[in-house]
Structures are given as C-alpha cells and as structure tokens.
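From first to last, the protein sequence lines stand for chains A and B. Counting from 1272, one number per residue, gives the positions in the first sequence under our numbering. Counting from 165, one number per residue, gives the positions in the second sequence under our numbering.
Think of the hints as simulated: they come from the structure by calculation, not from any bench. A portion of the hints provided could be inaccurate.
As the list claims (entries may be wrong) - Straight-line Cα separation of at most 30 Å, DSSO-like style, residue types lysine-lysine; simulated pairs:
(1) K1423(A) <-> K252(B)
(2) K1357(A) <-> K269(B)
(3) K252(B) <-> K1413(A)
(4) K1299(A) <-> K1357(A)
(5) K207(B) <-> K1423(A)
(6) K1289(A) <-> K252(B)
(7) K1413(A) <-> K297(B)
Claimed, not checked - Between beta-carbon pairs, the in silico distance windows are:
(8) A1353(A) <-> A366(B): 53 to 61 Å
(9) E206(B) <-> K1355(A): 32 to 40 Å
(10) P1388(A) <-> Q284(B): 39 to 47 Å
(11) G1333(A) <-> Q284(B): 36 to 44 Å
(12) Q284(B) <-> D1385(A): 24 to 32 Å
(13) A1353(A) <-> Y199(B): 36 to 44 Å
(14) P1388(A) <-> T362(B): 57 to 65 Å
(15) K1355(A) <-> F189(B): 30 to 38 Å
(16) D1320(A) <-> A350(B): 21 to 29 Å
(17) E1336(A) <-> R344(B): 34 to 42 Å
For glycine and all other residues, C-beta sits at the position ideal for the given N, C-alpha and C.
Each chain, written out:
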Amino acid sequence: MAAVIFLPASSFALDAPKGEVILTVTGKLDHPNVGDTAQFDLAMLEALDSRNGTMETPWTTGKVEFSGPLFRAVLEAAGAHADKFKLIALNDYAAEVPAEDALKIDSMLATRMDGLPMSVRDKGPLFLIYPFDTDRSLYNEKYFSRSVWQIKTIEAE
Amino acid sequence: MNENARKNGDVIRRASKATAFLQLFATLLMVGLIYLLSGIYEKYEALQDGIRENTLWSVYQLDREARRLLELAHVMGADKDLTLASMKTLSTRFDILYSRMGILKKANFDLRLQDSPELQTLVSEIEPLVVAKAPWFDAIASGRDIDIAHLRAFTSSLIPLVENTGKLLMSANNKVSAERADTRDALQSLQLKSGVVTALLAASVGVLVIMLRRQLRSVRAAGLVFERMAHELNVAYAHAEAGNRAKSQFMATMGHEVRTPLNAILGTAELLELGDLPERVRWSVQTIRRSGQSLLEILNEILDFAKMENGRIDVCLAPADIRVLAGSAVEMMRDRAAEHGNTLISDIPDNWATDTIMTDATRVRQVVLNLLSNAIKFTSNGAVVLKMTEGQSQGKPVVRFAVSDTGIGIDKEGQEKLFKPFSQVDATISRKYGGTGLGLTICKEIIDSLDGMIGVSSIKGEGSTFWFEIPAEPAQAGEPIVDCAREKDKLARQRKNILLVEDNIVNQQVAAGFLRHLGQNVTVAGDGLEALDAMATKDFDLVLMDMQMPNMDGIEATRCIRAMETAKGAVPIIAMTANASDDDRRLCLEAGMNGFQSKPITLSQLAGILDRVESTAERNDPPSGVTLEEGSAMNPRQEEIVEVLGREVFEELLDSFFSDAVFILSAVSSAMRDDNTNNLDRLLHSLKGAASNVGLQDIADRAQRLRESPISERRLLDLMRAVDEQRRTRAA
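So that you can see chain A by itself, here it is in the shape it has in the complex:
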C-alpha cells in the first residue's frame, strides 16, 4: 500500500489502448505498452493532466477554446525522456520540439476545439498548442512552426 501512496501515477506501466490508437510515442521510453512503443487512444489521453485555454491563433478565426492533456503529462505517461522530441503529422510534416517546451511551458496536445473533438479535416486529432493565452511572447514564427497539427507520432530522440 505504501508504494501506491508514494509512487507517482506515471511510474505504473501504461495500460494497453482499448479504442482507436491516435498517438504513438517511440524511442527511449520507460513505460511502453505495445512492443517498445507507447500507444494512446483518446480516452487515455483525456485522462491525463490537462489544461484549457481560450486564445487567438494564426490558423483560426477569432477566439477559440482549446483543451487537451499537457504535453509533459503525455511524455510522463510514456516515460519518455529526451532532450528533444520529433512530432510527426499525418502528412509526414515533422518538427523538432526541445524538451523545455514540454517541461517549462504549459504546452498541450489539444484534443478538442470549442469542446468538440477535432477531425482530421479540422486539423485533428492532436494539435500541439502553446499557451498563447498566458504568454504573448510565444506568439511568433518560431513557435508557429513547432505548432504541429494532425500529430500521429512523437519520437523521443
């Protein structure tokens, strides 16, 4: 029982996904659940530590509310530790994101826009959203290029 109290949730082995897999984390992982990868369905992602924020982005019209698990919560769940991560989209667009963007910044892997799940046509299913609502200094081209949408894979390098 003592172990249950003191060990953080992330130290438990990751459950296998039950629904459709929407995210696969590969590379150096502590908690793989399928082979040497960690795979997540929507329910698993939405169970993690999350945030929501209403903000303007270059890709949307007007103010939009994004919500979803914190980037760092997803990495912890997978037990992924690396200096940088490669985010790969459905169309093979890829961007490298340094680890501090997950650890120091409350960036999230948005699953919902204005409360609704995002389809591929709506840049879903996962969209890396930086907290433009709380930190205006992030609002520039550097972070725009890291704001990958239609994410399918994260590689921990």
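Since the structure of chain A is provided, determine the placement of chain B on it from the hints.
Relative to chain A, chain B alone:
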C-alpha cells in the same frame, strides 16, 4: 585700434547670426530625423503585431497534398486496388487536403489573399473542387461500395484542382516576391531619407563647429584689442589722474603757504588786541583779525575741497559722544552769533538712548560748525536753533541734526544749486556775505561718506532749515579703533588708556598724535593738577609725565599718584623730560616713577615704552634702553613726524609752534622785566621742548643756553631773531 575693434565686432555679429541660423536648421533636421526614426519604429511595431503564418508555405502544402491525393488515386486506379485499407488511406489524404483548404480561408497570413483579386479568384475556384469531393468520401465511410470506374472518375476530377493549386502556388510566389521587393524598397527609401537627414545634420554640425571656431577666434582677437584699449585708457586715466592730483597738490601747497603767514598775522593781531590800544587802532586791529579769520575759513574750505577732489575724504569711525560734540560746537559759535545779534539756541534732549556712537567726530563737528556758521552768516538779529533728535531710518538708528534760522531763506531754484560746488545761490550773495560756495559741497561729501543724508527746507525770506542724518550705531565697549588715515601701518598693540601730562601744546599734539597712531586712547592733561583730576575719574594703564609744568610739576604729581590708596596708585609712570641729568633721574625714581624718556620722544621710543609696559606690567622695573639722545639728527625727526602724522599735520604743528613761540617770547620778555627767574626758566624750557619736538634743534639749543647762563636782552633778541628766521624759511 577702433577700426580693428569694429571689424572684430562685425565678424562676431555675422558669425552669431550664422550660428543662430545653423542652430535653428540643426534643430529642424533633428525633428525630421526623430520623425523618420519614429516611422521606422512604428513599422517594426506593426511587424511585431502582425506576426502571421507563412502564406507561401500553406499554399505549397495545399498544392502538395492535392498532388499526393491525385498520385495515390492514380496508383490505386492502375493497380485496381479498392481494399478497405487503401480506401482509408485515400480518405485520410483527402481529409488532410480538406484541412489545408480551410486554412486558406481562415488563417491570418502575411499575405492578405483577399487583397489580391487574382489569388482570391483562384482560391474561390479551388474551394468548390475540394468541398465537392467531401460527400463522396462521407458515403464511402458510411459503407457505400465503389468500383474502379468511380475511382477513375474521381481521379480525373482532381486534375483541374491540381492545375489550380499549381497556379495558386506560382501566383502566391510571385506576389510574395513582389511584396518582399516592395517592402525592401520602402525600407531602403526610408533608410535613404534618414541617411540624407543624418548627413545634412552632420554637415550643419560641422559648419556650426567652424562658425563657432571663427567666432571664438574673433572674440579672442577682440579681447586682445579691448585689453590694449583698456591699457591705453588706463594710461590716459593715470595721466589725467596725475594732472588732477598735481592740481590738488598745488592747491594744498598753496593753501599751506598762504595759511602760514596768515596764522602769524592772526596771532600777532590777537597779541596786539590784548595790549592797551587806542580805540581807533583797536577797531582796526579787530578788523584785521576778523578779515584774517574769514580768509582762513575760506582757505580751509578750499583745502578741504582740494582734498575731496583728490578723493581723500577719509572717515574714521571711533566712539564719540555726539551730544557733547554738538554742545561744544554751539559754544564755539556763540560769540559769532552775538556779533550778528543772533540768539543761538541748542535743543539737545537730556534723555538720550545711545550716548556713544561710532562715527567720525571731527567730520561731524565740521559739518555742524559749517551749518551753524552759514545760519549765523545769513541771519541778523534773529534766532539760530540746533535741534538734535534720535530716530530710525530703514530699521537702523540714526541721529538727526537740524539747524534752523530766521534768515534770508532760499527759493526752490536756489535749493537745487546748494550742494553743488562753486555755486552760490546768486552772485549777490557772495558779494554781500562772502564765502567760497564750497562749504555745503564739503558737508554733503562728508555726510555721503558717513552713509548719511543731508538736505534743506526753506522759504525765501522766512529762514531755512538745514538738516542731516547719520547712522548711530552704538559703540561697543572695547571696539577696536581702525585708524583710517594710517590704516596701512597696523600695529597689533593692545589698546591702553594713556594719560599724557604735558603743558606745551605742540608737545601735546605730537605725543598724542604718535600715541593715537600706535592705536592708543589718549587723555591729555595740561599740568599735574589736571592729571590728578583725570586720574580721579578714569583708570589709566600708563602715565607719560612731563617734569616741568606750571601749577604742579611732574615730581609732585607722581608723589600724589603713588600716595593713592587704590590700585590707581600703582599705575606705571614714565617721565618725559628734556632734563636728563643724573639728578633728574634720581629725583624721578625717588618720586616713584618707573623710568624716564628723554625728549623729544620718537615714535619708535614710544612704541618701545608701550611694549615694555605691556610685557613688564607686573614687574615694575624701569624700562631699559632709555637713551639720552638730545642733539641727534633732527631732520630724521621731522621726517618721522611727516611720515606718521602726515605733511599737513606737520605743517600745522610748525604753524602752531610759531604762533606759540610769539606768546612765549613775549612772556619771556615780560618775565625778564619782572625778574621772575622761575617763570623765565619754565618758559624757556617749554620753548626748548617744543622746538626740539618739531625738529628745530637750533632754537632748542638757543633756549637751553639761555637757561644755563644769565639771560640778557641781546641773547633774547638773538633767540627771537632765530625764531623769526626759521619762520621766514618755512614761509618761503
């Protein structure tokens, strides 16, 4: 010289104008530059605000996704691959293309698509082509079966889309390039503008520096010219000054030359008046004396004015009881007032706040006497009133003197001329009343230099009131006296109260003058009795005691002082004597004196006595270095008097010596007739002392010889002749 100065001035003025213009120009340029820079700053701000997604990248992605979709559909059609997995991949590819389509409509791009009709048309053509496919994929997702024909139809319908996206990509690329070039041009032009302004600014600053340097050079040159001019002016001024000084000097010399015989005339006339004269002769002598008196007054005024012209109205502030001063002035004028049939009234209040004030008593007396004399002169059978009041002027205490008369009065026009030199109110006045017209000018000068005010109010025919006001700062006990006339010779000696006991007037004046010069308070007593009176009322630090005096001599007076019970009996007493024999010395010491000093006393001997009394005040031993230096060179003696007391005083001393000598010699002759040996010796002693005091050693020697051997008419006549000869030498 002047030409140079004018040229320099012109250059400076021109350069100043140019500099002012350049400053204005530079300021304008500065404002322009600030404006341009703020434009650049605003551009950057706008850039910062307008951070947007890269258009070209999005359009490229759209084109790429369209081509990948076409390619996949093409491959699937060729392979006749209609499996579920392949269809799902195709569907995902379409979804991605669809999501790209939406971005073009919604996103915030750096290139505003809607601003360009061409791009806008392309986007609006592409959009329906994409959206039209969505129902087909929706149907597949919901389980609709498709065959190869469907797929081929779909594939061929994608071809116009790909053409359009390709066109859009090229157009967007051209547009972005053009825009980039435009932006660069705009920035370049802005930079060019600010560059030009900066260059202009630099140029104007450069010119400004050159102008300032030129200006500086001219200023320096002008400074040199002015310096030279100032030097020349100084030289010219010095010449003028020297001329003026020479004139004043001449006036002063002339004044003395005239005054010396005049004194003799007056003295002789007074002597004559004392004798038993027939009425007619007495009247004539009186006329001579009065006329001489007026002449002397005029002369004194001219001398005063000459001094004033020379810039030498020195005022010397010292504690003075001005009520006593005013009272004595009134007494001095009483006889004169009576001669004119005038009543002279002094209105000096008894209760007075400040008895002793800091002022120049001699100068104030001179003014009071002048005003009184004027009032008496212009009034006959009337009244002259001197009224003194205390008051305040600008918060400071003042004393006000007013001399009112019931005389002829002065009209307004005359009052304006009153205080100007050489201006009598009208010519008839000087004819009728005489005078130089300088008296009031001198008064004004004196009162001005005392920081006071002088004025008059008068009604013609009804009399005048002349008034003046002087500051009345109360004198502080122990206030150091600054001897203005001889300030250069500052002797830091402790200030003592000294009693000078001496019967001969000339000796009194010299010794008292020397002592005052040494910064001492001097009280003069004419003989032993007066000395004892003075001792009774005042404390003294030192007594300088002549030995031979009428009424009570020095030895007797010393005995009386030593017999006093109080501390006063212990006051140091130094004998001043022309008798320097051992017997005299013994007599002096037996009587209780502390030392003695041979006559005539020099300034340095006096200073030595003072210093020794200061240092041995408690010890009571006789001053050392007492010398018996009669017969020493007398020219240095005269030089010393001139140096310390001034030539004028020396001349006055000589004058008064000669007029004294007339009296003494006549007294000697009458004492000889009466065979009064005692009196005879005393008179000769006095004459000898006075003569040696003013440096007339020959006369002193003759007087001494008369004392030593039986006196005869012939030898007395010799002495008289010697005195006369000396006087003529002086007057020549």
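Q) Among all the numbered hints in the text so far, which are the ones the structure does not match? A) The structure conflicts with hints 3, 5, 7, 10, 11, 13, 15 and 16, although it agrees with all the remaining ones.
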